[in-house]
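Protein chains: 8
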Amino acid sequence: LRTGFPEVIWGQDKTPEQITKIMTAMRDRTHVVMATRVTPGKAECIQQILPEVQYNDRARICAIVNQAKMPQRLGTIGILSAGTADLPVAEEAALTAELCGFQVERLWDVGVAGIQRLLSNRHVIDNADVLIVAAGMEGALPSVVGGLADCPIIAVPTSIGYGASFNGITPLLGMLNSCAAGLGVVNIDNGFGAAILAGQILRTASKLSNQPL
Amino acid sequence: LRTGFPEVIWGQDKTPEQITKIMTAMRDRTHVVMATRVTPGKAECIQQILPEVQYNDRARICAIVNQAKMPQRLGTIGILSAGTADLPVAEEAALTAELCGFQVERLWDVGVAGIQRLLSNRHVIDNADVLIVAAGMEGALPSVVGGLADCPIIAVPTSIGYGASFNGITPLLGMLNSCAAGLGVVNIDNGFGAAILAGQILRTASKLSNQPL
Amino acid sequence: LRTGFPEVIWGQDKTPEQITKIMTAMRDRTHVVMATRVTPGKAECIQQILPEVQYNDRARICAIVNQAKMPQRLGTIGILSAGTADLPVAEEAALTAELCGFQVERLWDVGVAGIQRLLSNRHVIDNADVLIVAAGMEGALPSVVGGLADCPIIAVPTSIGYGASFNGITPLLGMLNSCAAGLGVVNIDNGFGAAILAGQILRTASKLSNQPL
Amino acid sequence: LRTGFPEVIWGQDKTPEQITKIMTAMRDRTHVVMATRVTPGKAECIQQILPEVQYNDRARICAIVNQAKMPQRLGTIGILSAGTADLPVAEEAALTAELCGFQVERLWDVGVAGIQRLLSNRHVIDNADVLIVAAGMEGALPSVVGGLADCPIIAVPTSIGYGASFNGITPLLGMLNSCAAGLGVVNIDNGFGAAILAGQILRTASKLSNQPL
Amino acid sequence: LRTGFPEVIWGQDKTPEQITKIMTAMRDRTHVVMATRVTPGKAECIQQILPEVQYNDRARICAIVNQAKMPQRLGTIGILSAGTADLPVAEEAALTAELCGFQVERLWDVGVAGIQRLLSNRHVIDNADVLIVAAGMEGALPSVVGGLADCPIIAVPTSIGYGASFNGITPLLGMLNSCAAGLGVVNIDNGFGAAILAGQILRTASKLSNQPL
Amino acid sequence: LRTGFPEVIWGQDKTPEQITKIMTAMRDRTHVVMATRVTPGKAECIQQILPEVQYNDRARICAIVNQAKMPQRLGTIGILSAGTADLPVAEEAALTAELCGFQVERLWDVGVAGIQRLLSNRHVIDNADVLIVAAGMEGALPSVVGGLADCPIIAVPTSIGYGASFNGITPLLGMLNSCAAGLGVVNIDNGFGAAILAGQILRTASKLSNQPL
Amino acid sequence: LRTGFPEVIWGQDKTPEQITKIMTAMRDRTHVVMATRVTPGKAECIQQILPEVQYNDRARICAIVNQAKMPQRLGTIGILSAGTADLPVAEEAALTAELCGFQVERLWDVGVAGIQRLLSNRHVIDNADVLIVAAGMEGALPSVVGGLADCPIIAVPTSIGYGASFNGITPLLGMLNSCAAGLGVVNIDNGFGAAILAGQILRTASKLSNQPL
Amino acid sequence: LRTGFPEVIWGQDKTPEQITKIMTAMRDRTHVVMATRVTPGKAECIQQILPEVQYNDRARICAIVNQAKMPQRLGTIGILSAGTADLPVAEEAALTAELCGFQVERLWDVGVAGIQRLLSNRHVIDNADVLIVAAGMEGALPSVVGGLADCPIIAVPTSIGYGASFNGITPLLGMLNSCAAGLGVVNIDNGFGAAILAGQILRTASKLSNQPL
Ligand SMILES: Nc1ncnc2c1ncn2[C@@H]1O[C@H](COP(=O)(O)O)[C@@H](O)[C@H]1O
Ligand SMILES: Nc1ncnc2c1ncn2[C@@H]1O[C@H](COP(=O)(O)O)[C@@H](O)[C@H]1O
Ligand SMILES: Nc1ncnc2c1ncn2[C@@H]1O[C@H](COP(=O)(O)O)[C@@H](O)[C@H]1O
Ligand SMILES: Nc1ncnc2c1ncn2[C@@H]1O[C@H](COP(=O)(O)O)[C@@H](O)[C@H]1O
Ligand SMILES: [Mg+2]
Ligand SMILES: [Mg+2]
Ligand SMILES: [Mg+2]
Ligand SMILES: [Mg+2]
Ligand SMILES: [Mg+2]
Ligand SMILES: [Mg+2]
Ligand SMILES: [Mg+2]
Ligand SMILES: [Mg+2]
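Just so you know, the sequences run in chain order A, B, C, D, E, F, G and H.
Each residue of the first sequence is one higher than the one before, starting from 1 at the first, in the numbering used here.
Each residue of the second sequence is one higher than the one before, starting from 1 at the first, in the numbering used here.
Each residue of the third sequence is one higher than the one before, starting from 1 at the first, in the numbering used here.
Each residue of the fourth sequence is one higher than the one before, starting from 1 at the first, in the numbering used here.
Each residue of the fifth sequence is one higher than the one before, starting from 1 at the first, in the numbering used here.
Each residue of the sixth sequence is one higher than the one before, starting from 1 at the first, in the numbering used here.
Each residue of the seventh sequence is one higher than the one before, starting from 1 at the first, in the numbering used here.
Each residue of the eighth sequence is one higher than the one before, starting from 1 at the first, in the numbering used here.
No wet-lab data here; the hints were simulated from the structure.
Everything numeric in this text was worked out from a predicted model, so none of it was measured.
C-beta: ideal position from N, C-alpha, C; glycine also.
Hints are not guaranteed to be accurate.
One side of the interface only, derived from the structure: several residues of chain C facing chain E at Cβ under 7 angstroms [said to hold, decoys possible]:
{"no.": "1", "residue": "Ala85"}
{"no.": "2", "residue": "Gly163"}
{"no.": "3", "residue": "Ala164"}
Below 27 angstroms or equal to it, Euclidean Cα-Cα: the simulated DSSO-like pairs (lysine-lysine) are [what the hints assert, rightly or not]:
{"no.": "4", "chain 1": "B", "residue 1": "Lys207", "chain 2": "C", "residue 2": "Lys207"}
{"no.": "5", "chain 1": "G", "residue 1": "Lys21", "chain 2": "G", "residue 2": "Lys69"}
{"no.": "6", "chain 1": "A", "residue 1": "Lys207", "chain 2": "G", "residue 2": "Lys207"}
{"no.": "7", "chain 1": "D", "residue 1": "Lys207", "chain 2": "E", "residue 2": "Lys207"}
{"no.": "8", "chain 1": "H", "residue 1": "Lys69", "chain 2": "H", "residue 2": "Lys21"}
{"no.": "9", "chain 1": "C", "residue 1": "Lys69", "chain 2": "C", "residue 2": "Lys21"}
{"no.": "10", "chain 1": "G", "residue 1": "Lys207", "chain 2": "G", "residue 2": "Lys69"}
{"no.": "11", "chain 1": "C", "residue 1": "Lys207", "chain 2": "C", "residue 2": "Lys69"}
{"no.": "12", "chain 1": "H", "residue 1": "Lys69", "chain 2": "H", "residue 2": "Lys207"}
{"no.": "13", "chain 1": "F", "residue 1": "Lys207", "chain 2": "H", "residue 2": "Lys207"}
{"no.": "14", "chain 1": "D", "residue 1": "Lys21", "chain 2": "D", "residue 2": "Lys69"}
{"no.": "15", "chain 1": "F", "residue 1": "Lys69", "chain 2": "F", "residue 2": "Lys21"}
Okay, chain A solo, but in the shape it has when bound (with noise of 0.2 angstroms):
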């Protein structure tokens, strides 16, 4: 992956003992190994053999962290969630984050058929410098807002729904089409994925720093 990061296993397709292994393996190399995907009962098993790994049952993901190496980031990620049910996706999103070592801002439940709530929490997009925002069902909320924030936005579609969502299609296909323009989209659940192009935005941001105009 991108230097500086942490290194990821992609954990749904693998055993504990091949994620026990590779983590072991990794471990020496990097401040941080993390595996995402990783379900309640396989996390039990990887801790049964590496006490040290902390497991995230919300964002399904197991890490081992060496504090001492961990960098301090310049930036902070908000990191907004349509309904209750993109939890997991939006919490994968801000661990890994946080992982990577920035400042991280939570505001869950700000679907917009209550736009007052998202209204009346304004604060978090305008303290973030880059916003993830995940939602399932008709995938309304990164164009919403898109007329808010002055920031990058990464959108974020979850499968969250039922009959015409798809799996996910929908809120693909509607944060493809967002009338707020400049939306980067990553793929359907991708938490993951949002949080690494969250954190090389803010790394280049700043690297620009220190250039002169």
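Let chain A serve as the given structure and place chains B, C, D, E, F, G and H with the ligands on it in line with the hints.
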């Protein structure tokens, strides 16, 4: 069609001669004969034969109206559109509703990426007894309106957009998956059908108001 | 949700514990707290903690009803279903409507391939102030009803069928293209949303009946 | 094609010269040479070279008929269409059937949103030995007819409609999922193929009638 | 269903108790009561309550047959299948046809990639009065048979295959676009519907054979 | 492109001037410069500037050939097409193969609904070292050929057909799901790509023939 | 739009008169007014009324630029395109970025089938602070660039291709599924939106550089 | 199958008993009998009955090999895979090729986001006479390889990925639209078919090498 509503001709696949002939045949039976999806060129031909035909080029509707027999019906239909490109569909709905005898209040260009403009025109939402909301691209407007209104909402996806809007499929899917409960959705670009459904809702209200609980 | 209607919990992606907790928190605020998409197993768990919860296994709804505060509302909602397999969706609509305080008239198993059964039960159509029509497979029932009724119709596609019914896409598309003007369509299997829209239509009627022309 | 039926040319992607040449080459081999999907302009060119060619502009068919050798075949084919816009497809079926030597009974404009018109013309259904039913939009007519008829039914989806009718996909899917068992479906707009299948059914009947049980 | 044919229950979404109850209720009305899509486990439960029920596990059909009243009908239905995996669908068609009283001739495993096996069994095609052809994957068999047979052909796409066969969509589309004119297509895996259509074709033949030209 | 093959220009989205300019620039580098997807009108313009350009209107290819440097390559490419409408694609393949220096044997109009014509021309299949098979509509021809041939087969779906052929999607899916193992499929209408793959296969053969086992 | 960026008009569905009118109204409010998707014919009409309008026919953009007020912004945007046919989209991005005040470095024709050309131009990737990568057909370029670059990447699918490229759906899906983590994807052909997102990223960097860690 | 290649059983929809029975029946006819898509559980059952069966759990293949009769064939098949999750498909291809008697060279984990790893293993590409390239997600690897190799390439899309990879549709479409001319594509996850096509290509080469130019 439903009793008391205008006679309507689907003008798209018909020649001016065919439309003229049907309008002539129907005009004595009812207070309004109208044809939808009529291009300016076709309208001109029709008006040369039947000078009493009125043409609205935004709504693409030709009509012969017998003002004397025109009913005045209970209730106001609020019609909102997200972008200027949605106007032909929104106006098809608005004019059809007016030709049915209803009061119409229009609110154009209140797309969700500029939420303040919608919020500062809330009175249109509050005054309406039924709302018709037309939007293309991601089709998010009905969800936001659904959280603000306390009346039935009819959502009309439009074929406006490009790329992954797929000629209206994206807003159609978005509206069907709205997180605001209780929207009724009609076919892509079907402003006419939305108006008829709104009219039917208000006519039912009139009938009900004479019934004791 | 809309004022005066039940508080509703989407039960599908929640544990019995989560549902119980939300029901307990909401029960004093309103006359009805209900949860949809609750399986029999989950319902049993819920009832063990909250014995006053009622469960309807056809509609898959759990509810705590404060009968004393229950409103009695103007208007009758007719609910039709095409096949017996559509019943869970049709009953979700029916029970939701009843929990909102409306009169409901049911007519099951009137699929279009046996048109006589529908015609010999026309009184249900004629008595209704709003109609909800649930159908799977080819979803043709709302079109036929649309030609017989003179009130608003809400069409609910169901995921019933196999092969090229594509879990409800086929009836959804059929309903959106109905040759009967003025149907409002909701998401696949969304009996709940249909009831809320029907309820909103009738509540608007009540409000309107106090307005002078 | 099948023995004893007309020789047929698919006219859509051919020039008038190509069609004329093939018709001339085939005319002596058989009692009927016909070309389908011929536009009026092409037909005029063809008739200038071969004046004995007859053109039916509704069915878009050119034909040279040797009336003397024309067979007279057993059985009546009833052909129904839902809307006036479905007529080109329905007439393609009707004229093809007649050029095969069958008796044809037409019933136009019996869409399901006006079920009474269909019911008051039931004799066409009752008299037919095979039925061809053409419908666009939601394509519901074959299902209703399937519940009324006691003979084989061939369903032809047409590309009539707009928005979510997707050029005939919606009625095609509707017909394949009909709740009336035992419909055979052909390709979108394939009136010709429907007639050939109907003809094959009736020819088989003729052959069978000479077989002992 | 159509007069004189078996009473049929769609067994897939029903419990053994429900199936048993309906079979019991229907059995005196008709010579055959049958249930389709019955798994072996369900069948065993049904047979424990109703020992006279016969079960065919390939066709997945349960039936109570009153052999005395069984009609013997004119005509032979040839049934072909492309691969062994298509057998459940082909046998559903075959057994349904036999329970309607028709003569059935089976020809299994004649997929188009081994054309010689089909050609060396041409007598099945030549002897049949109607053909039912089941195929999955690319669904090419009906086209080839269409060029060899001189009788009506009913094509049944099956959900057999993987990857881009999309659970039967690929053979369904292939059959609808067959270059052999005059195939009638039914829903994916709908062996039952194919048999009913074949039966209807032969019954019509019987009726016709008593009519003078 | 691959060494030793012609330089190729994709002519569809280029003006005659652009094509002329690129051809002129490339002509000295190689024995053949060719442009595909050139309409007759464009070809005429090109030939006015560069009279040595040859145009084949069936294959829609313009080429400048330096006959002296033309290689003569080992192997015969058999090219089959199902219908006459598939010829432009089949000829694009055939001419490209010839301009690469290969022997080509053509067999047109051997669609599967007339299997005898294919079988009585088996020698083309038996003589070929590689086969290219173009078919539209249901795209069944490659499967049948796959059962008869003992050489590599390249399947080219064409956009020929209407309705549910979806501009070539149906034959594309059919070919990918062929029950004949070992077909390689190229993009819809990509006769050019099929020829290049065939040529690469034969060139590899030439190279291999000099290698000891 | 976002503060400090040009005012933009979507030119595709507007007449030259409408565009001229909006440009005139906006020109005093800002340093740049621009219209996208303007054909050469429309541009000529616009320039006849407003001679100070500049037109770039590759980018299809009309603009009035007040050079004096033009900001000079921090950061370089690298823009890559896979094929020459992708240029209109890539240039729409490039010119929009320049009109926002950013430095742009272009690298055209570096499609993945000629990987050496991309590798020998790595300095463009290394110098950029943000990258925009446009590609049609299979859309693979962003994945390869993602493995080479250490800055944020915005992927733009183009509608270039034919057959199974489905007007840009194929590269869109490819980019969303990139094995390179952290790409942001925009709508098909949306060069404008990509530039705005890139600009927003760089503006955020500027703001951040004044913040202490 | 093609002469001289192993007899193959599609193991996925068969019981261990069925597989054992077919293997026993076929084993004397040929030097290799193999079954694909066999799970470890099934393999164990098979081996209990037939201990001479060898099982490769990565390739999911069971085989009985008569080493004495095993042919040794001319040519090397290079097999590349993009990610570790693509290995079952890549190994299915590799083992099938080896059981046909070919030399196989494997190169795993050379996805395009790490292009250097691919480039530093170019010798595998350069040594191969035919290449099989398996990739999931965006499926870009075959395009890059196509620009580096001078031999025929067979592309195998895998169902690896999530969200908008749609179980392999995305890499399938990507491969069909490759900007590298002359790839042959097989069905999703069809490692077996790719090996058979590769084998057929090399066998043709052997035959050709005995032919004079
Ligand atoms: N949750 C996630 N979503 C998307 N990609 C991921 C995720 N977790 C890990 N990955 C990617 O998977 C790669 C590791 O894949 P593997 O080598 O199969 O474990 C990482 O480098 C990431 O690019
Ligand atoms: N713009 C429209 N959108 C949808 N349906 C329409 C529209 N205009 C007319 N119709 C329907 O078309 C019917 C008339 O069709 P026709 O008899 O072909 O003129 C009317 O009764 C309406 O139901
Ligand atoms: N295997 C089958 N495929 C398609 N339709 C069937 C099948 N079995 C039964 N049916 C239909 O289902 C109806 C009975 O449905 P039900 O009343 O739900 O049992 C019958 O009248 C048939 O039309
Ligand atoms: N008919 C065709 N079908 C597919 N690809 C083609 C065709 N003709 C040319 N090409 C490809 O297009 C490339 C040239 O594209 P261009 O540089 O835009 O002219 C060639 O190298 C071929 O790979
Ligand atoms: Mg949402
Ligand atoms: Mg919108
Ligand atoms: Mg139905
Ligand atoms: Mg219809
Ligand atoms: Mg098949
Ligand atoms: Mg074909
Ligand atoms: Mg590309
Ligand atoms: Mg890949």
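Against the structure, the hints:
Interface restraint check for C/Ala85: the shortest CB-CB distance to chain E comes to about 5 angstroms, inside 7 angstroms, so the restraint holds. The closest approach between the C-beta of C/Gly163 and any C-beta of chain E is roughly 3 angstroms, which is under the 7 angstroms cut-off, so the hint is satisfied. Nearest Cβ of chain E to the Cβ of C/Ala164: about 5 angstroms, under the 7 angstroms cut. The hint holds. Restraint check: the Cα-Cα separation between B/Lys207 and C/Lys207 comes to about 13 angstroms, which is no more than 27 angstroms; the hinted pair holds.
The hinted pair formed by G/Lys21 and G/Lys69 meets the criterion: a straight-line CA distance of about 22 angstroms does not exceed 27 angstroms. Distance restraint check for A/Lys207 and G/Lys207: the Cα-Cα separation of roughly 13 angstroms lies within the 27 angstroms cut-off, and the hinted pair is therefore satisfied. With a C-alpha separation of about 13 angstroms, the suggested pairing of D/Lys207 with E/Lys207 holds against the 27 angstroms cut-off. For the suggested pair H/Lys69 and H/Lys21, the alpha carbons sit about 22 angstroms apart, so the restraint of at most 27 angstroms is met.
For the hint linking C/Lys69 to C/Lys21, the alpha-carbon distance of about 22 angstroms falls within 27 angstroms, and the restraint holds. At roughly 20 angstroms between alpha-carbon atoms, G/Lys207 and G/Lys69 fall within 27 angstroms of each other, so this suggested pair holds. A hinted pair counts as satisfied when its Cα atoms are at most 27 angstroms apart, and C/Lys207 with C/Lys69 qualifies at roughly 20 angstroms. Pair hint H/Lys69 plus H/Lys207 holds up; C-alpha atoms about 20 angstroms apart against a cutoff of 27 angstroms.
Of the pairs offered as hints, the one joining F/Lys207 and H/Lys207 holds, with about 13 angstroms between alpha carbons and a cut-off of 27 angstroms not exceeded. Taking the CA atoms of D/Lys21 and D/Lys69, the gap is near 22 angstroms; set against the 27 angstroms cutoff, the hint holds. The straight-line distance between the Cα atoms of F/Lys69 and F/Lys21 is roughly 22 angstroms, inside the 27 angstroms bound, and the hint therefore holds.
In this structure, every one of the numbered hints holds.
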